[in-house]
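Chains as they are written, first to last, in the numbering used here: chain E, 1 to 680; chain Y, 1 to 506; chain H, 1 to 99; chain C, 1 to 231; chain D, 1 to 512.
Hints listed in this document are in silico derivations from the structure and should not be mistaken for laboratory results. A portion of the hints provided could be inaccurate.
[Said to hold, decoys possible] In silico DSSO-like cross-links for lysine-lysine, where the CA-CA straight-line distance does not exceed 27 Å: (1) Y:201 - E:79; (2) E:594 - E:578; (3) E:375 - E:449; (4) E:195 - E:215; (5) E:215 - E:375; (6) Y:201 - Y:441; (7) Y:201 - Y:482; (8) Y:360 - E:79; (9) Y:441 - E:195; (10) Y:441 - Y:360; (11) E:195 - E:79; (12) Y:201 - E:195.
[Stated by the list, open to error] Simulated coverage check for chain D against chain C, where a stretch passes if three residues somewhere in it have a Cβ under 8 Å from a Cβ of chain C: (13) 72-78; (14) 150-160; (15) 230-242.
For each residue, glycine too, the CB sits at the ideal point set by N, CA and C.
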Amino acid sequence: MSISVTPWLVLACPLAGMLTIALLGKKLSPRAAGTIGTLAIALAFVFAVLTLIKLQALPHDARVETTALWDLVNVDGVKVQLGLYVDPLSTFMILVVTGVSTLIHLYSAGYMQTDAGYVRYFSYLNFFVFSMLLLVLAGNMVLLIIGWAFVGAASYMLVSYWYRRDTATAAGIKAFVINVVGDIGLVLGTLFLFKTMGVLDYGQLFSGAHTAFEKDAPELVIAMLLILVGAFAKSAQIPFQTWLPDAMEGPTPVSSLIHAATMVTAGVYLIGRLHVLFEWAPTAAAVGAIVGALTLLIAGSIGLVMTDLKRVIAYSTMSQIGYMIMGVSAAAYVGGFFHMMTHAFFKALLFMAAGSVISAMGGNQSLNNMSGFRKALPFTFGCFLAGGFALSAFPLFSGFFSKDTLLFEVGARGGWYWGLYVAGYIGAAFTVFYTWRMIYRAFWGEPCKEAQVVIETGHAYHPAEHTNPHTGDEDDPSTQEVEDSEVGFPGKEHKYAETTWQMRYAMIPLAILAVIAGVIQLPFGVTNVLSSFLEPTFANTIVDYEPDNSGLEAFGLALSSVIAIVSLACAYWIWVRKPGTSAAIQARLPWLHKLFINKWYFDQFYSIFVVRPVVWIGQWAQDSFERVVINGALIGGTSGLVKAGSAAVRALQTGLIRAYAALVIGGLSVVLLYFLVRGL
Amino acid sequence: MTIHLSIILWLPAAAGLLALLLPGRLARWISLLGSLLVLAYAITLLVDYDRAAGGLQYVTDVVWIRSLGIHYALGVSGLNLVLLATTAVIFTASALWTLVDEPDHGKPGIYALLMGLAQTAVMGAFFAQDLILFVVFFDLMLVPFYFLIVIWGGPDRTRAVLKLFMYTLVGSLLMLVGAVTTGVMAANGGEPSFLLAELAKTPLGSTAQGWIFLAFALAFLIKMPSFPFHGWMPDGYSNMPIGVLAVFTAILSKVAAYGFLQIALPLFPDAAVEYQELIMIVAVASILYGSAMAFTIDSARLVLGYSSIAQLGFIVLGIFAFDGRGADGALLQATNHAIVAGALIFVVAMLSRRAGGSEKLSEMGGIAKGAPAFAAVFLVFSFALLAMPGTANFVAEFMILLGTFESKMTFAFIAAIGVALAAFYALRFYISAMHHRVGAKVSSFELTPREGLVVVPLMLVVIALALYPQFALKPAQDGTSKAISAAQQVQSSGSDTNATTGGPTP
Amino acid sequence: MSVNWYLLVSAMIFTLGAAGVMVRRNPLVVLLCLELMLNAGNLALIGFSRMWGTGAGEIFAIVVMVIAACEVAIGLGIIVALYRRRLPVDVDELTELHG
Amino acid sequence: MTFLFFFIFAGFALAGAAGVVMLRNPFYCVLSLVVHLISLALLFLLLEAQFVAVAQIVVYAGAVMVLYVFVVAYVGGGDKPDQLWSASPRQKALAIGFASLIFIELAIAILGTALSSLGTEGATLSATYGSPAEIGELLLTDYLLAFELASMLLLVAAIGAVALAGRRGGIAEDESNLSPRHGAVHTPSPAATGSMAEGVSGYGVTTPLPDPQFEGRELQQPARAAAEDDR
Amino acid sequence: MSFSLAAAVPAAPVIDWAGLSPLLALLGGAILALIVGLAGPRTIRTQIVPLIALATFGATIGCVISLWGQSIVLIEGALQLDPLTLILMLVICGGGVVATLLAWRDQAAEDIAHGEFFSLMLLGAAGMFVLIASRDLVTTFVGLELLSLPLYILCAARVREERSLEAGLKYLIIGSVGSATVLYGFALLYGATGQTGYSEIAAAIEASNLATDPLFLTGVAMCTVGFAFKASLAPFHQWTPDVYEGAPTPVTAFMSVATKAAAFGAIIRLFDVAVRPAAEAWQPIWIAIALITMVVGNVGALRQPSMKRMLAYSSIAQAGYILVGFVLITDLGVQAICAYLVLYSLGNLAAFTVVIARERETAEGDNIAALRGLGTERPALAVVMTISMLSLAGIPATAGFIGKLRLVEAAAAADYAWLAAVLVVLSVISMAYYLPVVATIWRGETQPGTDAASGVPVLAGGAAEAEAASGRAGWELTLVGVVLAAAVIVFGIIPQPVFNLVASAARGLGLS
């Protein structure tokens with residue numbers, strides 16, 4: 001199998017899986033559907049590995065392979081092929097995507113096996129993987145946009161998976177529309193590029209950019225900023241981040257797959273993919289880096305106060321992606337993608353573990369109600385710890401190395417990048433706090449009643465009736481809207497890791513990877529698997545910085561370790577030793593808490609300045625404009641005029657002979673007058 | 001192989017007549033057979049059309065009214081080739097729909113006849129290579145629809161159809177005057193000829209072009225409909241029977257778009273350039289207004305109605321970019337939108353069948369529960385409607401934006417807002433019908449085989465176009481490049497003279 | 001006596017007849033007023049005939065006389081028929097047809 | 001002399017015309033018209049149109065006016081003269097306004113024309129002008145068709161007078177003359193059919209007219225029943 | 001004395017009997033009908049007399065065809081037999097044939113007796129011939145009266161009905177005002193030029209430079225008003241709706257087609273020949289009249305419950321359209337008028353046919369309610385009515401569209417495209433009264449209590465209609481309707497024969 005075939009097979013596997021599951025439909029048992037879905041992705045992973053092997057077999061400086069099936073568009077100078085672009089970066093991406101996806105499919109096969117919509121679920125999930133792979137492998141901007149939008153659509157479908165929840169559909173539509181805004185940014189940016197360069201293929205774009213544009217040319221900067229809009233929207237960066245927390249309405253494996261490991265990193269991939277253009281437009285790149293830094297701080301701050309378990313992880317994701325965006329925008333490619341990879345492992349793991357806890361809680365996601373699951377869910381607890389250490393960049397865990405590589409590369413550029421470097425370390429402290437707050441509150445303390453149930457019966461707690469936690473008071477199910485579906489959330493019988501082998505076997509490899517994945521790229525050049533692998537892609541970078549500043553690297557490692565250990569200790573103090581402390585801090589700084597808990601008021605801002613005006617305009621158009629202008633003035637006016645004329649004609653038509661005669665004679669006098677005037 | 005366009009043109013009418021004459025229970029089958037024959041013929045055309053050679057093929061040219069110099073001239077070119085096949089597809093779907101929901105009142109023969117006449121008239125407008133013939137068919141299209149609505153329409157049909165009729169006739173009759181004047185002026189005292197090819201050779205003076213162009217534009221914009229000429233649309237759409245509405249919304253608006261490319265631009269290039277921005281403003285206003293209306297209105301039909309306003313806005317925008325890519329995109333979008341909008345009309349009817357007869361979104365909800373396949377089909381059409389990348393609609397909108405971007409960047413940016421709005425209203429439409437809690441009167445059931453027969457082929461067409469849009473784009477390129485070349489020349493020469501004289505654009 | 005004078009008289013008769021049609025309600029009198037208008041035309045014709053010295057005007061006048069007589073006959077016939085139907089002999093009451 | 005005659009005749013003609021318009025009793029109106037017609041005939045004489053003048057008196061003032069007098073007597077327009085002559089002030093003003101406007105316009109045209117011969121007594125006349133011979137010649141040559149058609153006009157008038165005023169078109173028609181469709185239905189003869197007997201007894205003048213709508217309904221029922229029997 | 005007479009004896013006028021044959025046929029037929037109408041047996045009166053009328057119209061058409069293409073002056077310059085005359089005579093005789101068939105079993109013919117009824121119709125047609133062929137003021141006036149007087153009588157023919165008599169009297173009074181106006185106008189024309197022949201008048205105008213003379217122009221003004229009145233052009237149209245509504249429907253049908261054709265023929269002759277040198281003066285006023293007529297006709301017809309009244313207003317509007325062809329003063333314009341008259345008549349007569357049929361079949365009279373449910377009850381008539389309405393509305397593939405197209409083309413060719421635009425825009429209003437008729441026919445439901453079956457009595461006019469409201473109208477109505485409707489469609493699709501027919505219409509008028 002040549003390298004021009006394997007990427008197609010990578011794409012074909014999930015597509016085939018999706019079609020098989022969708023077309024067979026309810027004829028499949030849940031288990032069969034899960035198996036088909038998982039196997040399809042696993043096969044894709046195999047082909048991805050094959051692709052890797054073939055790629056590595058190519059000469060070092062020719063590790064780019066383009067392959068096309070047919071022309072989608074080929075008119076008037078616009079040429080878009082159904083073509084792929086295989087290079088180390090995309091290969092790296094498909095490996096991560098298919099690898100993590102396989103595990104998550106496996107997890108889902110356990111977690112969702114009692115959900116009535118399993119057919120739909122697995123076909124969506126396979127479709128999502130297909131879309132993500134299309135995005136990654138696309139060989140030109142149009143195909144990229146297609147994959148980009150497919151991913152958005154799949155995300156929408158999965159977020160709205162429990163479609164009879166109004167909150168779920170609202171979250172789905174929000175995610176979709178913001179993603180479409182991103183798509184439009186991407187489209188417009190592409191149009192800008194096309195206007196000047198007249199090409200859409202990556203290869204031609206990269207090779208032609210330097211001749212087509214001046215460095216930092218306004219046209220290029222605008223184009224790249226528009227493309228950044230796309231990246232921000234997909235990667236939940238400020239100011240397009242609001243959809244991500246709401247997207248936690250989806251099933252937890254979905255959060256694990258698309259809101260942690262794959263889709264949200266698409267923005268990172270995009271910036272890395274187009275690094276040639278971004279480097280040629282440093283202004284745009286700087287904007288990207290700064291937005292990333294802001295996001296990591298703001299999202300981290302919100303993560304500190306959220307009480308919904310999944311949302312804490314979601315904000316954590318946002319914050320971590322802020323690191324990556326900052327990194328790749330600042331040309332810290334290896335660090336960025338390294339962190340992306342480790343993040344995929346430990347964040348997917350964290351979501352899986354959280355899913356297990358939520359299952360055990362009977363669907364309740366509020367940290368306020370959880371406590372003491374340490375004993376009830378030992379396996380889950382272990383995995384959560386592994387993920388938590390990695391996330392908080394505890395020394396020697398994978399996250400530690402990846403984050404440090406990233407921050408080191410950023411700091412090494414000097415200048416104003418030092419600001420980003422500092423922000424990164426402040427964010428690191430936030431990370432530790434919210435991570436361990438979550439762990440302490442869920443697993444330490446006295447077992448809550450749900451944990452008691454698990455300990456005593458070995459089965460998950462089942463509430464009498466399911467309620468939607470996103471309505472009413474988050475912590476009081478009696479105020480919440482009762483779910484109207486027999487579908488169950490997620491399913492009639494809740495599955496948690498300790499009792500479900502698929503979930504366990506999915507989590508174990510991730511837990512291991514979360515701990516040890518750092519070894520592939522150790523500091524001081526001890527290992528450089530990743531950097532040397534990605535090197536052909538980024539060989540043409542024009543950013544010049546000092547990679548061998550070992551002093552800085554050592555300082556960073558030390559700083560990071562200190563932050564991790566000290567913050568962990570503080571967190572232990574606050575949430576375990578002196579449980580009232582957090583409440584005290586909250587009382588001290590009410591405005592800050594209010595700012596954080598309201599997510600910096602972004603939702604309110606959009607509601608007031610975007611959603612309401614648009615809805616108002618629509619209502620106004622419908623209630624007023626349509627009625628008054630279109631129906632009233634245009635139609636009513638004309639028909640009114642005609643009716644008035646009709647009435648006048650009839651009013652004159654009295655039936656009185658004398659009146660008729662008078663009109664004839666009157667008319668005669670007028671006509672006579674006219675002719676007299678003509679004559680005289 | 002010789003193909004006579006007259007056969008395909010009159011075939012539907014003949015089938016309709018046959019249906020009228022034979023016993024009533026056969027009517028719908030004959031009608032279906034007729035439309036399938038036309039479809040087969042149209043596919044033959046698609047295959048047989050010499051794409052490499054391009055240009056006008058299968059020409060029929062007979063003098064029709066000698067005294068007026070009017071010809072019965074038909075032909076197939078890149079402009080109408082695909083639209084023709086689309087027409088056949090939609091009419092076939094509409095004929096299939098009678099198997100699902102036969103119009104009552106015991107006049108199936110008349111229904112079949114009128115639909116046949118409608119198809120003949122629509123195809124006539126596409127085929128016509130003579131200006132007056134085009135206008136005749138353009139006006140004639142309306143007549144069968146009048147009867148279809150009056151006999152089988154909704155409760156307010158008489159008023160609604162009258163409004164529709166008068167509204168559209170204002171435009172199309174002015175167009176008639178414009179057309180006649182064009183021929184008479186072009187003849188310059190000699191024997192007039194209305195053959196498009198002849199007329200394009202001798203453009204009129206710019207003053208005459210001005211008002212004639214506006215007459216044509218008015219006719220087309222009303223027919224589409226376009227903001228602010230859409231006053232007939234809400235009532236009209238609300239009162240049409242489904243099979244008729246599908247055809248109406250899918251095809252008739254496209255005749256108008258086609259008219260711009262086939263008639264208005266080649267014949268009145270100076271005026272087209274002069275009024276370019278005016279028309280583009282109308283187009284953009286249509287996009288925004290249509291979208292804004294579509295995401296607040298409660299009636300499912302009208303969501304589609306207003307979305308059509310927006311989509312047609314895109315098409316006009318693409319045409320008036322005077323850029324090959326924009327025009328290609330517009331033509332592709334015309335095909336796509338025809339299929340998608342037509343299909344969604346049937347979907348509305350299916351929703352209504354499941355929602356206790358109501359077509360209000362607020363009374364639907366939760367329909368997906370018992371109908372996953374239906375949900376999937378509907379979702380595909382919804383995505384196509386919102387021009388999600390990956391559908392041919394996206395390719396079309398991309399091309400339109402590309403074309404517009406080249407000439408009028410501002411319009412492209414504003415139009416892009418419409419894309420986001422489309423995402424919102426299309427999903428709102430889908431979600432409020434299929435998702436959420438189950439509505440009070442909703443009883444969900446899966447796509448019946450007959451329903452599937454109507455919409456699944458349409459879905460396959462959507463997917464096929466998505467996979468290979470070039471199929472429709474290639475002939476379009478051939479047609480549009482000719483259509484816009486005159487306007488492009490005017491534009492470039494205009495800018496040249498401005499450059500030398502420094503004067504403002506007239 | 002110049003022809004002008006005759007014409008002025010004729011114009012005045014025409015005017016009187018026209019005014020009569022407009023003010024009278026009895027159809028019989030309306031018919032009389034119509035006679036006046038026709039006669040005004042006749043006077044003008046005879047005057048012009050005299051002016052030009054050709055007989056055409058006279059012929060015309062004779063023909064008009066015949067026509068006037070015919071009109072009267074028919075008009076009276078309708079009035080009698082109306083009267084027979086016990087309908088009001090008043091043009092203002094004949095407004096069944098209007099609008 | 002001509003001058004004097006002109007003013008006398010013209011004065012009578014105008015007075016007669018004014019009388020037609022203004023007198024309340026239609027009978028007097030007719031008489032006034034006779035005065036007008038005779039004066040007009042005299043004016044014709046002044047214009048040398050002897051034949052026409054004679055014809056005017058014989059045909060018009062004689063025959064036609066007699067017809068008028070008969071009809072006025074029959075119809076009896078004099079019953080309520082006041083009611084028949086009551087234009088509202090606005091109508092009068094309108095009528096006078098329009099009429100005087102037309103007169104002014106005509107006068108301007110007559111006086112403002114460039115035709116010089118209008119101010120003269122007219123062309124020098126041939127000896128035969130206005131004579132029966134000339135008229136006859138013209139009628140049989142140049143205006144033959146008009147002459148012949150005038151006879152057709154008289155035929156029309158005769159038909160019209162007979163058909164409209166004649167009794168056979170009346171309501172009280174012999175049943176046997178009704179069409180079969182009507183004959184199949186028993187049609188009671190309603191009151192107030194305009195028969196001479198009614199005229200003598202003063203029906204319709206002194207007694208109120210029956211309500212035609214009521215009559216219509218009365219007629220309706222048997223007609224409907226009969227029609228249904230036929231089916 | 002005898003000597004002088006002998007010296008003065010002129011040559012007897014040359015009479016081209018062949019050329020005069022249409023007139024002679026009509027007059028002869030009229031007299032024959034009158035005489036046969038006196039016969040005793042009822043069958044002869046009710047069957048033979050209409051047959052004679054039919055034969056007469058047929059013979060006249062035969063005469064017209066035999067004279068086709070000729071251009072001759074008859075009887076000392078009184079009449080002009082040219083293509084215009086012949087074409088319009090075809091329209092009139094066609095209308096006559098249809099009207100005869102419509103009147104065959106009509107109550108109106110019963111009321112004033114068949115002989116009288118049909119002979120008056122033939123005499124009226126003769127008057128029309130004279131009017132359109134006339135090239136002399138005297139003849140024109142005689143023709144005008146020969147046309148008008150029979151129609152006054154025919155309008156009042158249903159002597160047992162108040163409405164009919166009212167219509168007759170109205171028509172007579174207002175018509176006589178018009179006649180008197182025309183007469184005074186003619187007198188002034190004669191006075192200004194000293195001529196009665198049309199071409200002589202034209203010559204005199206140019207010779208003595210009269211085109212701006214007030215006296216002459218006053219004459220033109222009065223002729224304008226008089227003829228506008230006869231052709232029922234606004235604002236001199238007011239008699240039309242009332243008379244059309246009150247008159248017996250076959251008479252209305254005849255008037256709407258034949259009178260209009262005759263009036264326009266006379267207008268074309270008088271204005272395009274006799275006073276054409278003053279065209280600059282009269283053209284604007286005719287344009288104004290055309291505009292007012294189109295507006296008034298179209299808005300007046302809206303929401304009229306009476307079909308006849310609606311058709312009356314519609315015929316006013318159509319007259320306005322025709323006038324557009326006239327004001328162009330071009331060859332094409334005259335051709336367009338003739339074509340329009342031919343094509344418009346078909347649909348118009350078809351509409352009246354159905355109205356008559358429903359008058360006889362239902363108790364609703366000519367009310368639009370009589371058409372309710374026609375689509376299911378009488379599909380043939382429903383189709384006829386539908387086609388005729390579409391044709392009147394000017395929908396493509398009908399004769400009416402072709403007629404309008406021809407008018408528009410003529411206007412465009414004469415640089416009056418704006419007038420054509422006004423025409424079409426105003427004709428859009430006409431949809432608002434034609435289409436509801438179609439809707440009424442085809443809409444499924446009938447409103448309870450008002451349809452024929454429920455037998456609610458009709459209020460106005462009463463007895464006769466109600467009595468007639470049983471059974472089906474005669475076969476001849478269906479036949480006439482179907483033939484006319486078929487012709488509408490055929491000429492809508494293949495109009496070239498009509499255009500060939502009218503191609504030479506303006507020959508002899510000397511227009512550009």
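Status of each hint after checking the structure:
no.: 1; hint: Y:201 - E:79; verdict: 33 Å, violated
no.: 2; hint: E:594 - E:578; verdict: 23 Å, holds
no.: 3; hint: E:375 - E:449; verdict: 13 Å, holds
no.: 4; hint: E:195 - E:215; verdict: 17 Å, holds
no.: 5; hint: E:215 - E:375; verdict: 60 Å, violated
no.: 6; hint: Y:201 - Y:441; verdict: 62 Å, violated
no.: 7; hint: Y:201 - Y:482; verdict: 13 Å, holds
no.: 8; hint: Y:360 - E:79; verdict: 43 Å, violated
no.: 9; hint: Y:441 - E:195; verdict: 53 Å, violated
no.: 10; hint: Y:441 - Y:360; verdict: 11 Å, holds
no.: 11; hint: E:195 - E:79; verdict: 13 Å, holds
no.: 12; hint: Y:201 - E:195; verdict: 33 Å, violated
no.: 13; hint: 72-78; verdict: holds (count 5)
no.: 14; hint: 150-160; verdict: holds (count 7)
no.: 15; hint: 230-242; verdict: violated (count 0)
Of the numbered hints listed earlier, those contradicted by the structure are 1, 5, 6, 8, 9, 12, 15.
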